[in-house]
Amino acid sequence: MDPVASAVRLAVQEAVHILSSSEDGGHIISTLQSLRRYLGETETQAPPEEQEEFSRTHFSTILRCLVGKLSPDWLDLLPDGQLEELWASFFLEGPADQAFLVLMESIEGAASPSFRLMKMARLLARFLSAGRMAAVMEGQCGQQAGPASRLLQETLLTRVVGLPDHLGNRLQRETLAAFFPQNYFPLLGEEVLRVLQAVVDSLRGGLDCSVSFLSQVLGKACVHGRQKEILGVLVPRLTVLTQGNCLWQRVCWRLVECVPDRAMEAVLKGLVEAAPGPEVLSRLLGNLVTKSKKAQFVMTQKLLFLQYSCSMPMLQSLLGYLAMDSQRRPLLVQALKELLETWGSSSAIRHTPLEQQRYVSKALLICLTHLGEAELRASRDELLASLMEGVKSRLDSSLPPVRRLGMIVAEVASARLHPEGPPLKFQYEEDELTREMLALAVPRPAADGPSEAGPPVAPVSGESPDQETVDSGGPQAGWEGSDSELDSDDELVPYDMSGDGEQRGSKTPAYVRDCLEALTASEDWERWEEALRALEGLVLKSPAATREVSLELAKVLLHLEEKTAVAGFERLRQRALVAVTVTDPARVAEYLAVQFYALNYSLRQRMDILDVLALAAQELSRPGCLGKAAQRGSPGPGSQPSGAAVPAWKAVVEERVRRKTRRFCKGSTGRAAAAGPNEFNAVAGYFFFPLLQRFDRPVVTFDLLGDDQLVLGRLAHTLGALMYLAVNTAVAVPMGKALLEFVWALRFHGDAYVRRGLLSAVSSVLLSVPAEWLLADLPDELLEARSWLADVAEQDADEDCRLLAVKALLLLEKLRDRLLPLSSP
Amino acid sequence: MVTGVAGEHMAAPVPNPQFVLRGARSAVHALHFCHGAQGHPLLLSGSLRGLVHVWSLQTRRPLAALDGHGGQCVTWLHTLPQGPQLLSQGRDLQLCVWDLAEGRNAVVDAVHLESVGFCRASVLAEGPQRWMLAVPGRGSDEAESSPRPLLLAGYEDGSLALWDVSARKVCSRVACHSEPVMALALDPRRARGVSGSAEKVLAVWSLEGQQALQVRGTHELINPGIADLKIRPDSKILATAGWDHRVRVFQWRTMKPLAVLAFHSATVHCVAFNTTGLLAAGSGDQRISVWSLYPPT
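Chains as they are written, first to last, in my numbering: chain A, 2 to 826; chain B, 156 to 452.
Don't take each hint at face value.
Below 35 Å or equal to it, Euclidean Cα-Cα: the simulated DSBU-like pairs (lysine-lysine) are [to be verified]:
#1 A:Lys338 x A:Lys393
#2 A:Lys651 x A:Lys738
#3 A:Lys229 x A:Lys292
#4 A:Lys393 x A:Lys808
#5 B:Lys324 x A:Lys564
#6 A:Lys338 x A:Lys295
#7 A:Lys815 x A:Lys738
#8 A:Lys651 x B:Lys391
#9 A:Lys651 x B:Lys411
According to the in silico footprint, chain A covers these stretches of chain B (three or more CB under 8 Å from chain A) [said to hold, decoys possible]:
#10 169-180
#11 412-425
Derived by calculation from the structure, the hints in this document are not laboratory data. Even glycine gets a Cβ: it sits at the ideal position worked out from N, Cα and C.
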């Protein structure tokens with residue numbers, strides 16, 4: 002046997018014996034001092050080979066023995082905590098990896114809560130604050146990987162990253178602040194940085210080093226969801242260190258490359274988030290995406306297509322990173338192609354949430370700003386083909402946001418792909434999203450470009466504008482008199498004259514029949530306009546006269562075309578039609594409902610029919626609410642602006658009365674609606690049933706179940722509204738039954754707008770049909786509807802659909818709650 | 156032609172009338188401010204049904220209704236500066252002189268007229284008992300000047316004529332409208348006047364060198380038809396009564412539009428100013444609105 006080894010072993014065995022049996026403080030101290038020789042910290046050092054043998058074989062034995070002795074009595078053998086200091090020094094100065102493992106092991110083994118546990122935990126905190134964790138990790142950097150050391154690394158890794166969890170489990174509420182994850186992981190980041198510094202130093206010195214353990218630590222911490230804490234410390238420092246330093250850059254690239262595949266996503270996402278821009282990301286990652294399949298998948302697929310949680314700066318960094326190097330640019334082109342394909346796929350449009358579609362559209366716009374003319378031209382045909390396909394399917398959608406995305410992206414993309422062609426221009430309203438998207442389409446300035454020009458130069462004070470106006474403000478041209486005494490009056494300030502307009506009314510027809518004649522036969526457009534304007538009032542004023550010609554009137558109004566640019570033509574026509582329908586509901590409503598399925602109408606007219614029916618039903622069901630709503634809406638350019646002044650005056654008076662009036666108790670402020678018979682009761686059937694009759698029978702010009710899904714959606718909404726307005730009527734039960742059948746037939750419709758309509762229709766059935774009748778007549782339908790609603794509430798891609806389904810489910814629950822106390826004795 | 160330019164700032168909303176006189180029971184066709192017995196301000200209004208109402212501006216109630224035109228429209232009212240006499244012109248082709256002193260309201264004299272047109276009479280008062288009355292014969296309108304009495308008349312062919320009354324000849328004549336002249340007003344201090352007609356423009360003209368009428372400019376309106384126009388006694392603002400139900404107010408010096416008073420719901424037939432700056436407008440909707448705009452300083 003090696004003499005060195007046996008000598009060390011003898012000394013250690015003796016020391017262990019003394020430590021475990023002796024009660025004499027002085028003896029123990031001297032024994033420990035002698036052992037410290039092997040740690041190489043004292044003036045009388047042991048020979049290096051003995052030190053090495055000690056630390057390799059016996060150190061952990063000694064540490065375990067020391068842990069075993071730890072008790073209040075033992076520490077009190079010597080005064081002033083001398084023994085405790087000496088005891089702790091073994092853990093803090095000996096080989097860090099073994100000390101760390103023994104510490105963790107003893108903490109896990111200690112009975113909780115106990116003196117020993119607390120002592121060990123405090124010691125571990127000291128261990129951390131003394132920067133020993135860097136030593137633990139550094140120890141793993143120089144070693145070559147053998148099977149034994151790999152096992153050790155595995156253990157260390159678990160302990161290092163899981164330290165807050167372990168400690169938290171053991172100490173419960175007594176855990177120390179140093180072990181909180183929000184404190185520990187930044188510390189770990191600092192330590193990693195120190196180790197990296199050491200690695201860089203030793204690489205400069207020509208020594209080989211491996212950073213794979215650090216990569217594993219980083220990966221595991223990120224997988225545990227601690228990206229923010231650890232990378233928040235690492236990235237800013239690395240940003241500075243890698244600037245213009247190739248060695249640091251290489252170490253950094255290596256660090257990310259060595260991250261295990263299963264942790265790659267977490268690390269990359271954290272880095273993209275923490276990096277302040279594409280330049281930094283490029284310095285930190287290098288050409289990682291071309292070397293690692295997993296990294297490529299994460300960066301070009303997962304973050305773009307499978308997730309949509311990245312913020313816009315992250316997306317900018319990510320795509321900017323891909324664009325920054327010629328080796329990575331093909332990936333960007335590929336990404337653009339795939340993005341465009343996904344963006345335009347009609348199935349994706351139908352089945353992905355709107356939020357994700359926005360995300361993809363934004364990514365698409367960013368991609369376009371990064372790609373140059375030549376790259377786009379190379380694959381122009383392919384890109385244009387998928388763009389056109391996408392625009393077509395998006396414009397077909399019945400959801401306005403989807404259409405708007407189509408328009409914006411189409412405008413921007415076609416301008417980039419086909420710059421020489423005429424620019425594509427759509428009409429859409431500007432809102433926050435539009436502005437954001439259009440801002441994305443503008444290429445970002447280079448990060449280190451010259452800063453913006455200073456504040457605008459102050460106007461040169463040579464010629465002051467005031468001077469000029471004074472000069473020219475002298476005699477005014479025209480019929481100015483010369484009498485200065487008379488002309489000395491001040492400029493009088495004009496009042497608001499915006500309400501002043503041309504007066505109408507000279508040709509207003511006075512009778513409904515006159516209107517009818519003017520609308521059909523008149524070539525006098527002024528008269529035609531006046532007739533259109535006057536019609537609603539005349540119809541409401543003379544219901545009997547209207548009833549004589551109601552059908553003709555409805556027919557004329559339905560076919561009326563906008564022949565002159567009358568302001569608010571659509572509204573005037575709609576209101577007149579509603580008035581006619583309200584005046585003679587049975588005949589007109591039935592006529593309109595039948596015309597809905599007739600052959601020669603445009604989609605616009607069919608949708609008008611639906612709107613008119615819903616509005617008329619509302620007016621019949623709650624008289625007056627329509628007029629009030631209209632009054633509150635845009636008043637239009639009326640000829641009597643004084644009408645607007647009256648409410649202001651009234652408000653002032655009411656405010657004054659309110660101020661001067663003392664009230665002892667406050668009742669409900671809203672005025673109760675005047676009670677009256679529901680006139681919709683008698684005629685609801687005329688509105689409702691003809692609309693349901695032929696939705697599944699397509700005609701040449703109108704295919705509800707095919708292309709005209711927008712109208713189908715409107716139909717579903719209208720039916721829901723009619724159902725809702727038929728509350729408290731006798732016909733509600735058969736209506737509800739028919740409507741549930743309609744919903745059942747269409748429940749898996751692909752269009753979100755149609756589904757929304759169906760869901761709101763279900764809700765209105767639940768609201769309008771009396772609960773007893775629902776249970777008596779429609780139990781099966783309710784059960785079926787319920788399971789369908791539950792499915793939609795969980796799985797539908799459209800957020801509004803889920804919301805509506807949840808609302809309907811709530812109504813159903815409420816219904817059950819109301820019935821249960823009735824049925825129980 | 157000068158048009159008013161609105162300022163950059165938000166213009167104030169149009170004010171409401173200071174008060175509204177209701178109870179004329181028919182369209183109001185003539186208005187005149189005057190002073191009552193104790194110096195109380197009064198407003199006289201002539202209605203379509205032939206009644207002249209006397210309104211107190213203090214109580215804002217009618218004090219009396221004078222019936223002297225046989226149910227025919229009263230088209231012109233005027234009081235003489237000195238004395239309690241009231242002149243009223245009606246469609247019954249009578250011009251009546253009333254004595255309103257001490258609460259009386261009796262017709263003391265009447266002049267038979269020949270014209271059934273829109274033309275109103277005009278009066279030139281020189282002294283307590285000396286006044287000159289111009290009444291339409293076959294179509295003319297009003298005016299005054301000095302030292303020799305001059306008469307301005309507007310004709311249905313759209314022309315204006317300046318008559319020298321003592322010489323009984325036309326001094327000057329100018330065609331300023333293409334439709335009948337409906338109303339004219341003269342600012343004697345500036346020797347300028349304005350006239351309105353059935354068409355869409357106001358014409359501003361001047362009396363050059365006392366004798367020659369000259370058109371200085373026209374001002375385009377939005378809607379055709381001016382029933383009456385008046386210049387405020389302090390020559391600051393001009394008000395027009397429009398067939399479009401609106402009263403328009405202009406700065407008289409520059410013809411800058413100042414306000415559009417869209418209170419009435421029928422043709423405004425007449426406007427009148429009093430010396431304190433009140434503006435009254437009478438309309439076919441049977442109401443008289445009284446406004447206080449740009450109070451004189």
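For the pair supplied as a hint, Lys651 of chain A and Lys391 of chain B, is the alpha-carbon distance within the 35 Å limit? Within the cut-off at roughly 33 Å; holds.
Pair hint outcome, Lys338 of chain A versus Lys393 of chain A [Cα-Cα no greater than 35 Å]: 17 Å, holds
Are Lys651 of chain A and Lys738 of chain A close enough, with their CA atoms no more than 35 Å apart? 48 Å, violated
Please check whether the region 169-180 of chain B has three or more residues whose CB lies within less than 8 Å of a CB on chain A. holds (count 3)
For the pair supplied as a hint, Lys393 of chain A and Lys808 of chain A, is the alpha-carbon distance within the 35 Å limit? Roughly 33 Å separates the two Cα atoms, so the pair holds.
Straight-line Cα separation of Lys338 of chain A and Lys295 of chain A no greater than 35 Å? 20 Å, holds
Between Lys324 of chain B and Lys564 of chain A, does the CA-CA distance stay at or below 35 Å? 57 Å, violated
Just to be careful, I want the Cα atoms of Lys651 of chain A and Lys411 of chain B compared with a cutoff of 35 Å; is the pair within it? Holds, because 32 Å separates the two Cα atoms, which is no more than 35 Å.
Verdict on chain A covering the region 412-425 of chain B, where coverage means 3 or more residues with a C-beta closer than 8 Å: holds (count 7)
Proposed proximity, Lys292 of chain A with Lys229 of chain A (alpha carbon, max 35 Å): Distance ~26 Å between Lys229 of chain A and Lys292 of chain A Cα, so the pair holds.
Check whether the Cα positions of Lys815 of chain A and Lys738 of chain A lie no farther apart than 35 Å. 20 Å, holds
The structure shown violates the earlier hints numbered 2, 5.
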